[in-house]
Amino acid sequence: MSGVNAAGWRPTMGEAGEASEKFVTSSGDYGLMLEEPLSFELGAEGKCGVDIDTPDRAPAAGLSKFLRKAAPDLPGLTEPETVRHYTRLSRQNYAIDLGPFPLGSCTMKHNPRLNEKMARLPGFADVHPLQPQKSVEGALEVIEQLADWLITLTGMASVAMSPKAGAHGELCGLLCIRAALDARGEKRDIVLVPESAHGTNPATAAFAGFKVQSIPATPAGRVDLEALKAKLGPNVAGVMITNPNTCGLFEPDMKAIADAVHEAGGYVYCDGANFNAIVGKVRPGDLGVDAMHINLHKTFSTPHGGGGPGAGPVVLSAALAPFAPLPFVTRGPDGGIHLVEEENRGEGHGRAFGRMVAFHGQMGMFTRALTYILSHGADGLRQVAEDAVLNANYVLRSCEDLLPAPFAKSGPCMHEALFSDAGLADGFSTLDIAKGLIDEGFHPMTVYFPLVVRGAMLVEPTETESKAGLDRFIASLRSLAKRAKAGDESLHSAPHFAPRRRLDETQAARKPVLVWQGVPGEPGKPSLSEIGGS
Amino acid sequence: MRYLPLTDADRAAMLDVIGAASVDDLFIDVPSEARLSGPVEGLPMHASEMAVERHMSALAGKNLSAGSAPFFLGAGAYRHHVPASVDHIIQRGEFLTAYTPYQPEIAQGTLQVLFEFQTQVARLFGTDIANASMYDGSTACWEAILMAARITRKDRAILSGGLHPHYGEVVRTMAKFTEDEIASLACELTREPDDAAVIAAIDEKTSCVVVQYPDILGRIPDLAAISEAAHAKGALVVAVVTEPVALGMIEAPGNLGADIVVGEGQSLGVGLQFGGPYLGLFGCREKFVRQMPGRLCGETVDAEGKRGFVLTLSTREQHIRREKATSNICTNSGLCALAFSIHLTLLGGNGLAQLAAVNHDRTQAAVERLTQIPGVSLLNDAYFNEVTLVLPGDAREAVRELADRKVLGGVSLGRLFPAQEDLHKGLLVAATETTTDEDIETLATELAAVLEGVPA
Numbered sequence: 001m002s003g004v005n006a007a008g009w010r011p012t013m014g015e016a017g018e019a020s021e022k023f024v025t026s027s028g029d030y031g032l033m034l035e036e037p038l039s040f041e042l043g044a045e046g047k048c049g050v051d052i053d054t055p056d057r058a059p060a061a062g063l064s065k066f067l068r069k070a071a072p073d074l075p076g077l078t079e080p081e082t083v084r085h086y087t088r089l090s091r092q093n094y095a096i097d098l099g100p101f102p103l104g105s106c107t108m109k110h111n112p113r114l115n116e117k118m119a120r121l122p123g124f125a126d127v128h129p130l131q132p133q134k135s136v137e138g139a140l141e142v143i144e145q146l147a148d149w150l151i152t153l154t155g156m157a158s159v160a161m162s163p164k165a166g167a168h169g170e171l172c173g174l175l176c177i178r179a180a181l182d183a184r185g186e187k188r189d190i191v192l193v194p195e196s197a198h199g200t201n202p203a204t205a206a207f208a209g210f211k212v213q214s215i216p217a218t219p220a221g222r223v224d225l226e227a228l229k230a231k232l233g234p235n236v237a238g239v240m241i242t243n244p245n246t247c248g249l250f251e252p253d254m255k256a257i258a259d260a261v262h263e264a265g266g267y268v269y270c271d272g273a274n275f276n277a278i279v280g281k282v283r284p285g286d287l288g289v290d291a292m293h294i295n296l297h298k299t300f301s302t303p304h305g306g307g308g309p310g311a312g313p314v315v316l317s318a319a320l321a322p323f324a325p326l327p328f329v330t331r332g333p334d335g336g337i338h339l340v341e342e343e344n345r346g347e348g349h350g351r352a353f354g355r356m357v358a359f360h361g362q363m364g365m366f367t368r369a370l371t372y373i374l375s376h377g378a379d380g381l382r383q384v385a386e387d388a389v390l391n392a393n394y395v396l397r398s399c400e401d402l403l404p405a406p407f408a409k410s411g412p413c414m415h416e417a418l419f420s421d422a423g424l425a426d427g428f429s430t431l432d433i434a435k436g437l438i439d440e441g442f443h444p445m446t447v448y449f450p451l452v453v454r455g456a457m458l459v460e461p462t463e464t465e466s467k468a469g470l471d472r473f474i475a476s477l478r479s480l481a482k483r484a485k486a487g488d489e490s491l492h493s494a495p496h497f498a499p500r501r502r503l504d505e506t507q508a509a510r511k512p513v514l515v516w517q518g519v520p521g522e523p524g525k526p527s528l529s530e531i532g533g534s
Numbered sequence: 001m002r003y004l005p006l007t008d009a010d011r012a013a014m015l016d017v018i019g020a021a022s023v024d025d026l027f028i029d030v031p032s033e034a035r036l037s038g039p040v041e042g043l044p045m046h047a048s049e050m051a052v053e054r055h056m057s058a059l060a061g062k063n064l065s066a067g068s069a070p071f072f073l074g075a076g077a078y079r080h081h082v083p084a085s086v087d088h089i090i091q092r093g094e095f096l097t098a099y100t101p102y103q104p105e106i107a108q109g110t111l112q113v114l115f116e117f118q119t120q121v122a123r124l125f126g127t128d129i130a131n132a133s134m135y136d137g138s139t140a141c142w143e144a145i146l147m148a149a150r151i152t153r154k155d156r157a158i159l160s161g162g163l164h165p166h167y168g169e170v171v172r173t174m175a176k177f178t179e180d181e182i183a184s185l186a187c188e189l190t191r192e193p194d195d196a197a198v199i200a201a202i203d204e205k206t207s208c209v210v211v212q213y214p215d216i217l218g219r220i221p222d223l224a225a226i227s228e229a230a231h232a233k234g235a236l237v238v239a240v241v242t243e244p245v246a247l248g249m250i251e252a253p254g255n256l257g258a259d260i261v262v263g264e265g266q267s268l269g270v271g272l273q274f275g276g277p278y279l280g281l282f283g284c285r286e287k288f289v290r291q292m293p294g295r296l297c298g299e300t301v302d303a304e305g306k307r308g309f310v311l312t313l314s315t316r317e318q319h320i321r322r323e324k325a326t327s328n329i330c331t332n333s334g335l336c337a338l339a340f341s342i343h344l345t346l347l348g349g350n351g352l353a354q355l356a357a358v359n360h361d362r363t364q365a366a367v368e369r370l371t372q373i374p375g376v377s378l379l380n381d382a383y384f385n386e387v388t389l390v391l392p393g394d395a396r397e398a399v400r401e402l403a404d405r406k407v408l409g410g411v412s413l414g415r416l417f418p419a420q421e422d423l424h425k426g427l428l429v430a431a432t433e434t435t436t437d438e439d440i441e442t443l444a445t446e447l448a449a450v451l452e453g454v455p456a
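So the protein lines, in turn, are chains A and B.
The first sequence runs 1 to 534 under full-length UniProt numbering.
The second sequence runs 1 to 456 under full-length UniProt numbering.
Careful: at least some of the hints might be erroneous.
Said to hold, decoys possible - In the SDA-like style, the derived pairs of lysine to any residue whose C-alpha atoms are separated by at most 25 Å in a straight line are: (1) A:K255 x B:D29; (2) B:K287 x B:E204; (3) A:K134 x B:L185; (4) B:K176 x A:K255; (5) A:K187 x B:K287.
Claimed, not checked - If we take Cβ atoms under 7 Å as the criterion, some of the chain B residues that face chain A in the derived model are: (6) P5; (7) E304; (8) R322.
None of these hints come from the bench; they were simulated from the model.
Where is the CB? At the ideal position from N, CA and C, for every residue including glycine.
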């Protein structure tokens with residue numbers, strides 16, 4: 001190694017930004033920096049990590065013509081090999097448990113382990129979705145209690161719990177709007193979507209059979225109210241607005257927008273991905289929203305798991321509530337909680353637009369979200385929004401002298417701070433800052449989104465970062481901004497201290513390799529070059 | 001408020017840097033008349049870990065869990081033993097608390113798992129490729145129909161009568177809005193599946209036929225014959241697998257001509273969880289890759305030539321193509337895919353085959369015993385780990401009475417097909433490796449008592 005920093009534990013960069021002179025180990029590992037082959041390259045025929053009984057009977061006669069010619073071509077690993085394989089892989093992931101994960105619009109916050117413990121109680125984890133209702137009264141109560149919190153926090157009339165993720169919730173909300181329009185006998189086919197919206201918004205509108213028309217943003221990063229009003233008419237089914245929006249700003253005209261849309265006979269869909277910024281501070285129902293999905297995994301901290309699962313319940317206004325999909329829970333005249341599905345849909349819910357998923361939604365996520373909500377309480381959730389907004393504004397004001405913040409002049413941001421890469425040295429961009437943050441030990445912010453800002457950097461610290469932690473992050477971001485302004489070439493080759501250097505995404509897309517190309521049935525040790533030993 | 005690290009002193013110092021007098025000033029854009037002055041009314045305040053645990057445990061205690069009773073439910077969700085190491089590994093923070101791998105240099109763990117998962121699913125299904133998972137089997141089924149319509153430029157999908165009725169309902173719900181035509185065949189209590197009716201329904205406008213394998217009554221359709229007929233008319237075959245353990249024993253749909261294979265992956269590693277989260281499996285022929293919905297992980301190299309993995313072909317996806325995307329899906333079931341992948345890695349192909357054989361054996365044992373009950377007969381000619389029993393009366397009553405006797409005896413067809421009275425005598429019974437001889441004996445004894453009208 002060419003040297004250590006003042007703290008004595010981290011190698012410093014050489015002149016060219018290289019970690020050290022090339023030093024090659026024969027294993028491909030470098031101490032605790034581990035390489036790991038694919039399971040297909042480790043496995044061997046005949047290995048199995050599970051002890052399985054031997055069946056007593058030959059296959060039933062009727063099955064004989066369907067039997068496989070050979071077992072699936074999947075190598076097995078023993079239990080210790082399996083545990084080691086996945087543990088070694090886990091070491092190549094950044095995670096919120098390791099440090100800040102300031103992904104704007106994605107909301108990575110502390111995931112309390114109590115949520116996990118509660119979700120694993122056998123009364124929740126080991127219950128079948130089609131058990132007789134009398135045997136699952138506690139599970140139905142979980143749904144009802146969570147629904148009550150969501151309705152009360154948002155000031156809405158009802159909630160559809162079954163959507164499986166945010167985008168699925170968007171679809172649910174738009175289908176409710178579609179069903180309500182059908183019930184009115186109207187064929188409105190246009191949905192207005194601001195250009196700053198998540199890509200899911202227009203994709204969802206198209207999926208629900210609507211045509212999408214874009215609404216421009218004002219120079220201050222808000223929906224252009226006059227432009228929106230100009231587009232309203234008898235063919236407009238509604239508008240999809242994200243609030244707080246993807247520029248990290250609250251839409252102050254929300255009520256005026258809703259009034260105008262309602263007056264024109266349309267409905268207001270609010271993308272609630274950023275509800276964490278306002279929970280306990282304002283109720284969307286008071287602003288005229290008709291439908292809004294809530295990403296339970298974001299606002300209420302269910303685990304993200306490297307990409308999901310999500311959960312996207314949709315709160316609904318009184319106008320849309322009757323059309324909510326099956327199944328759902330309701331409290332009957334006897335005081336008991338009932339699951340309304342096909343079998344008993346007659347109970348005053350004959351207007352449901354249909355079923356969106358096989359069963360009742362993400363029960364395991366409901367359990368976790370309810371656990372989190374009860375832990376915070378109404379007072380804690382309000383503090384959540386306040387601390388999330390405070391943390392974002394702290395980052396914004398601490399860095400805006402070095403990184404332009406296009407909308408900072410117009411006031412505070414909400415839960416996320418938006419910067420741009422304008423003013424960096426020629427050839428330096430957001431990507432260099434992002435990859436540099438990896439070397440600093442942080443997960444990068446959201447990059448190049450929203451599209452309305454050049455070289456956008458969207459930083460969402462969340463409420464579970466401490467001031468000391470933010471100060472460290474701010475110091476790194478400022479240092480990187482200075483280096484990028486000064487044209488520090490070593491940034492172009494960052495990250496230097498990650499399991500992989502910059503990956504060739506163009507090659508991956510041009511010649512897609514989506515499954516392991518090894519020789520079927522011939523698992524074996526890969527060569528060093530295959531697993532990356534240089 | 002144990003999850004919030006800011007102290008009041010921190011908050012004051014930060015407001016000072018920001019230049020705001022109070023936190024409320026940061027909410028200046030929220031109209032003052034809509035801003036709440038205190039905690040939302042009508043909800044409790046924060047609670048200690050111990051208090052929350054007590055509350056949630058009380059709710060959990062009101063449910064009869066599968067492991068605490070003889071248990072025979074299936075119909076798209078199956079109880080299998082999940083090895084302890086699966087749940088242990090997925091709770092490692094680097095998996096549990098990671099996000100979508102947008103920065104591949106520090107997400108190789110998740111990405112390599114997804115690549116291995118895709119390979120496992122493709123090999124299990126007999127397809128060329130697979131994606132990195134969908135929400136669940138039912139939504140994957142709908143996405144497959146949309147994909148088939150894009151590929152064939154035809155929009156009439158035929159659903160076999162053996163398709164899970166909830167899957168059919170999801171498809172019909174979505175099609176109402178996209179104006180795809182869905183021809184749903186009726187489910188009938190016949191010994192063999194409705195292959196002939198499916199084949200007869202295929203015409204020149206057909207984009208795809210959707211066939212569950214094994215089907216909702218536990219029967220096994222002849223995918224090869226259906227595929228031949230569909231391909232002759234330019235239609236695709238979508239095979240739906242709700243019990244992937246079956247593929248340890250019966251031929252993979254892709255090897256029988258299915259063009260798209262979708263499935264529910266809950267059986268491996270995930271657990272029942274009262275219906276979710278589960279994970280949708282999605283495999284298809286390689287030539288359809290750019291029409292696939294959902295996330296894909298691909299192999300590539302890094303700047304030093306080392307093998308690495310990235311999310312790829314995102315030009316199909318909503319964040320690039322917006323309203324022209326192949327799907328609005330924006331997430332995958334990453335953690336469930338990890339659990340599935342670990343469980344399948346522990347089993348290997350031979351282990352899965354043996355597990356499947358045990359499932360079939362346990363089901364044979366249940367069939368042998370339950371068909372000895374007077375008035376109870378077996379519908380199926382062929383079955384894997386689930387069968388339809390025909391009872392003398394409405395099976396819904398029997399299921400409820402069995403539950404009163406602490407026996408979870410199966411899923412009544414009346415619950416799944418309320419409008420079809422001809423099915424109401426049907427009781428779906430599933431057995432897996434978790435089913436003991438004692439469980440079977442208890443069900444047989446109690447079911448006989450219920451049918452004879454003996455009080456509990």
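Here is how each hint holds up against the structure:
{"no.": "1", "hint": "A:K255 x B:D29", "result": "holds (12 Å)"}
{"no.": "2", "hint": "B:K287 x B:E204", "result": "holds (22 Å)"}
{"no.": "3", "hint": "A:K134 x B:L185", "result": "violated (32 Å)"}
{"no.": "4", "hint": "B:K176 x A:K255", "result": "violated (32 Å)"}
{"no.": "5", "hint": "A:K187 x B:K287", "result": "violated (38 Å)"}
{"no.": "6", "hint": "P5", "result": "holds (4 Å)"}
{"no.": "7", "hint": "E304", "result": "holds (5 Å)"}
{"no.": "8", "hint": "R322", "result": "holds (4 Å)"}
When held up to the earlier numbered hints, the structure conflicts with 3, 4 and 5 and fits the remainder.
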